[in-house]
Amino acid sequence: MKLALPQKRHLSLLTAVILIMSMILPAFAVGASAVSLSDIQNHWASKSLTDWVDKGLVQGYEDGTFKPNDEIKRAEFFALVNRVFGFTEEAEVSFKDVTPEKWFAPEIAKAAAAGYITGYEDGTIKPNREISRQEAAVILANVLSLDLSVNAGVADPFKDAADIASWSKQAVEAVVAAGVMQGYPDATYRPGISITRAEAVVALDQSLKSEEQPATVLEGTVTSNGLPVEGAQVKLREKDGYAAIDNALTDQNGKYSFSVEAGTYDLTVAKGEAVAFQSDVQVQPDTAASLDFTLVQGVELSGQLLDSSRNAVAGEEVFFTTNPTFDTTTDEDGHFTAYVLADRNYTLRIASDGTGTQEYEVIATDVKVGTDPIELGILNTASNLNVTGGSSKKNNNRPPVGDPEAFFISGLQVVVDGQPTDAIFAQEPTEATVHISLSTNGDADVTLYKVDAGNQVVAQLATLHDDGDRANGDSIKSDGVYSGIITLDESEEGFIRLQARTGAQSSSVFRLSVVNHLTDEQFAQVMHQTQTTQDKFNELAAQYAGDVQRAKEETVAWLGTQPEVESAGVSGENGSVWFVMSSGILGGISIAPDNSKGLSAATATAESVTAFAAQTLTQTGSQVGSKRVAIVSPFADVLSSATVYDAVYADISQSDYPFQVNRVKNAAADVAFFKGLNQYGLIVLDTHGDTFYDETILQALHEKYGIEFPYAGPQVMVLTGEQATSANRAMHEIDLKKGRLAIISGYYAITPSFITRYNDSMPDSIIFNGSCRSLFNDSMADAFINNGAQTYYGYTNYVTLAYDQAIVTSVMNSLIEQGMSTAEAFDAAVDAHGASDGLASFAMKGSSIGMKTEGIVNGTFENGTWNGWNGNGDVRVITQLGPVKPTDGSYMAIISTGLGFENNDVNGGVFDYNSDSYIEQNFLIPAGATRLSFDYNFISEEPTEFVGSVFDDTFHATVTSSVYVSDNLLPELDVEGTTVTQQVYSGLGTVISSGNGEYTYLIAAESINASQHYWTEENQVDIDFYGGDDTAYMTNWKHMVVDVSAFAGQGPIILRFHVWDQGDSIYDTAVLIDNIVLE
223 MKLALPQKRH LSLLTAVILI MSMILPAFAV GASAVSLSDI QNHWASKSLT
273 DWVDKGLVQG YEDGTFKPND EIKRAEFFAL VNRVFGFTEE AEVSFKDVTP
323 EKWFAPEIAK AAAAGYITGY EDGTIKPNRE ISRQEAAVIL ANVLSLDLSV
373 NAGVADPFKD AADIASWSKQ AVEAVVAAGV MQGYPDATYR PGISITRAEA
423 VVALDQSLKS EEQPATVLEG TVTSNGLPVE GAQVKLREKD GYAAIDNALT
473 DQNGKYSFSV EAGTYDLTVA KGEAVAFQSD VQVQPDTAAS LDFTLVQGVE
523 LSGQLLDSSR NAVAGEEVFF TTNPTFDTTT DEDGHFTAYV LADRNYTLRI
573 ASDGTGTQEY EVIATDVKVG TDPIELGILN TASNLNVTGG SSKKNNNRPP
623 VGDPEAFFIS GLQVVVDGQP TDAIFAQEPT EATVHISLST NGDADVTLYK
673 VDAGNQVVAQ LATLHDDGDR ANGDSIKSDG VYSGIITLDE SEEGFIRLQA
723 RTGAQSSSVF RLSVVNHLTD EQFAQVMHQT QTTQDKFNEL AAQYAGDVQR
773 AKEETVAWLG TQPEVESAGV SGENGSVWFV MSSGILGGIS IAPDNSKGLS
823 AATATAESVT AFAAQTLTQT GSQVGSKRVA IVSPFADVLS SATVYDAVYA
873 DISQSDYPFQ VNRVKNAAAD VAFFKGLNQY GLIVLDTHGD TFYDETILQA
923 LHEKYGIEFP YAGPQVMVLT GEQATSANRA MHEIDLKKGR LAIISGYYAI
973 TPSFITRYND SMPDSIIFNG SCRSLFNDSM ADAFINNGAQ TYYGYTNYVT
1023 LAYDQAIVTS VMNSLIEQGM STAEAFDAAV DAHGASDGLA SFAMKGSSIG
1073 MKTEGIVNGT FENGTWNGWN GNGDVRVITQ LGPVKPTDGS YMAIISTGLG
1123 FENNDVNGGV FDYNSDSYIE QNFLIPAGAT RLSFDYNFIS EEPTEFVGSV
1173 FDDTFHATVT SSVYVSDNLL PELDVEGTTV TQQVYSGLGT VISSGNGEYT
1223 YLIAAESINA SQHYWTEENQ VDIDFYGGDD TAYMTNWKHM VVDVSAFAGQ
1273 GPIILRFHVW DQGDSIYDTA VLIDNIVLE
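FYI, in our numbering the residues of the sequence shown are 223 to 1301.
Rather than coming from a laboratory, the hints here were simulated on the basis of the structure. Honestly, I wouldn't trust all of these hints.
[What the hints assert, rightly or not] Mimicking DSS-like on lysine-lysine, the simulated pairs with C-alpha atoms at most 30 Å apart in a straight line are:
hint, residue 1, residue 2
1, K926, K348
2, K381, K295
3, K269, K289
[To be verified] Computed spacing ranges between beta-carbons, pair by pair:
hint, residue 1, residue 2, range
4, K381, G633, 21 to 27 Å
5, K672, A872, 51 to 57 Å
6, T741, E761, 25 to 31 Å
7, P785, D816, 30 to 36 Å
8, S948, L1224, 51 to 57 Å
9, S948, E761, 22 to 28 Å
10, D378, E761, 45 to 51 Å
11, T1238, G1111, 27 to 33 Å
12, T346, G898, 38 to 44 Å
Every residue, glycine too, gets a C-beta built ideally from N, C-alpha and C.
I would like the entire structure built from these sequences, with the hints used as guidance.
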């Protein structure tokens, strides 16, 4: 492939890089050959590295290694590029972090003169920061003068294509198309990780080789059923080799291409379940060899790789070798899946030291593959396994793997002082309770470990128990939740990795951050900096006679002189001013145009944006998963739009549908409120918002605390109504340190990572974010949608008050009064009021759903929560209770009189916490519906000692409606095939209360005295609640079917499940609820 190199910008391969800078490739082992460098012989880049070392172009370290996987800093990469491409002219530079005495000063001056660097918004170049792969791609595309307009879509086949930043995507596509850089064997590009020494050498080697004429090329087309295949991964290996020496993804025409040296090669191709291969491919010098492939159906091989200590081997390439060799990579739990050619015998190998750079270890031999999938089971790196047709002869010396049926159904939860957390404080011994849910047929041995980046055990921390013992932090015995208490004491900021394991199963890794306390002085500094920044901007805006952009830029320059400010900038296309303090706290001021919903009174001209259609829209027939609605105006007293949002609140409250509407204003819209947004099916935000920060800030937080930021770039943020004060500092310091909260114009502002952390399992919610720039990019929308929201509305820029008021009124009317879907409501609003106000477009992302719901929401609890229900007391969703499992799916609700030590104050002698508990749901029964059914199991420790006494714990299931109906029993129904003990058919039973035009019907009931015929030996169950005694009895599951046809189409009803103590709360009672269905 011919690259368009700029004239006189490159040197020949033999003269360009003689003794390339000792800072990168130090000149220690002078004259050493590649053979003497121990860590490159079987490295994937060994060919290029060997060539460069043997020709004396680069050298290794004094210890006889090359360290090919070490990372390169930005200044080092600039120096390397300067020498390879012969850049010698220097330009005057003014980067704040470049001073003349630094070794890299002349290299940066050369890079600036060559025009391939510009620096950051804060006036720095960050020479000592590692350079990412996408940054390197931008530089190489620049110096090679690659055409950025002709390779659109080349990066799309990468699994992480969405992670490639918009500013680098064309450059990445150009260098991939040119063969200068490639992706990884797992079909990722990994744009944000640092480029390694080996990758840098290979990229520059490819750049230079592309100029040699004539080229030696191996190219061809991949097809399936006669059609070209895009995104197939073609891997090039030396003859009979294992590790690929290069790989390529086919383009939209199925084309691939390699620049190679003359020789003999093996190639394999894979796309999904389809594969192909060709061995012994001979390529002659200075020619273009052509080789086409036709994909065939592969055979699936899967298994799990453990080391001799039973640790999962993560991120390891597994080679399936015969002729050809296929490969795959293990995931974080050591699991792997690969597709190979049928009717062959395979040997499985890995690199013996787990790095891919040494000899190979055989982990399975004589794997006979026919046409059926094979599950290889657990393979251990300490011994060989002979596998035939899916059965295996296990190594008897390997430790047992435990219950093969056990598996984790949740991630780890860490609780400190009664609150879930993902951070602890440095130099502060902390007692933490750890929980994790496990599905198992009996007791499991669960152990908590501290692991390293490769999931190798660093330390064993605790054994986790499901025994209901307070000493282990476990609340309910045999509910599938395993718990343990640990003490953590970390000396410095950063993060640690925790993982639970049982047998061969491993949980996902939980990253627990370690942060320093935010001192009073540091907090005072950020508050002072916020005010002085606002004052400085106001002064400059006046000085420059309304030139707001210049005032912003000058404010950022001034911030660069402030001793406690680490970095500063203007976010995303004329956004607001932000800064980061040396303490790590994110700060900023909001600067928005007049008449918009920003805090600033400054006048700015925002560029008009093109109209946005509904983005990534999927039409579904679903409805929101909760009838709870929140209309939120943190600045109701000062933001005039609040009156319109008041009207929206009134309209929804007065709707015939049973919405439960919460109007939240001013200081009530605090940080704590935003932590509970996942209770609501509709969330309408009337507040200030903007974009702040950039990916360099996010990367720093990721590296320091292990935080994941799915969207790289400016972050959409929303201001709460809570002012930042010294009084609430301690309450929010972890979120401030981790970048989930920022202080913007004196108020706490939530970031997308805040939503990700605190608002999981959203009930198919609709989000209307009426703040400025709420859809400037996808960062906030993705946070909501990835956590379960369905539709997200927002604005692409600073929105005017008038436009927002018109849009929110239209959308809510369409959803509530007209019964439209969210997509239909979007279209109606745009048709009525235009796609844009000249500054911002109204935009939508997600799936189209409806707001008006009929029937039961979350009646099976299969999302692992009781979202969609209202309730009080001790209500949980669990996977099992002793031997009792759900009747439908994996989850069931438990409503109790207060289980566990949390609800029993033993030390104080008071036993009255949550002794009265219920859940209820207000819903409409659609026309034509006739039956409401549900399963319940009443369980208590009261029997048999207290039968006939005042200790008569009780359960009621009721329906409340404005419709009066006399008892109407259902006829007998076919009960064949039921999984429950009994089926009970009922009419509406007794009216147990009435008033205000409503009637409450009892549809199911149990109590200790009334149900005493169940308290027999056959119904004693192995369940031991905390407190009381160690015996419990149950009714067994009952399946209730109730005739509700009289309520169909007649307005809302309330379904309630209620359990309460009678007499005391020492002996606990609970009811399990599952499979609530309306039909």
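Inset, instruction - Hints the structure violates: just list their numbers, smallest first. - result: Hints that this structure does not satisfy do not exist here, as all of them hold.
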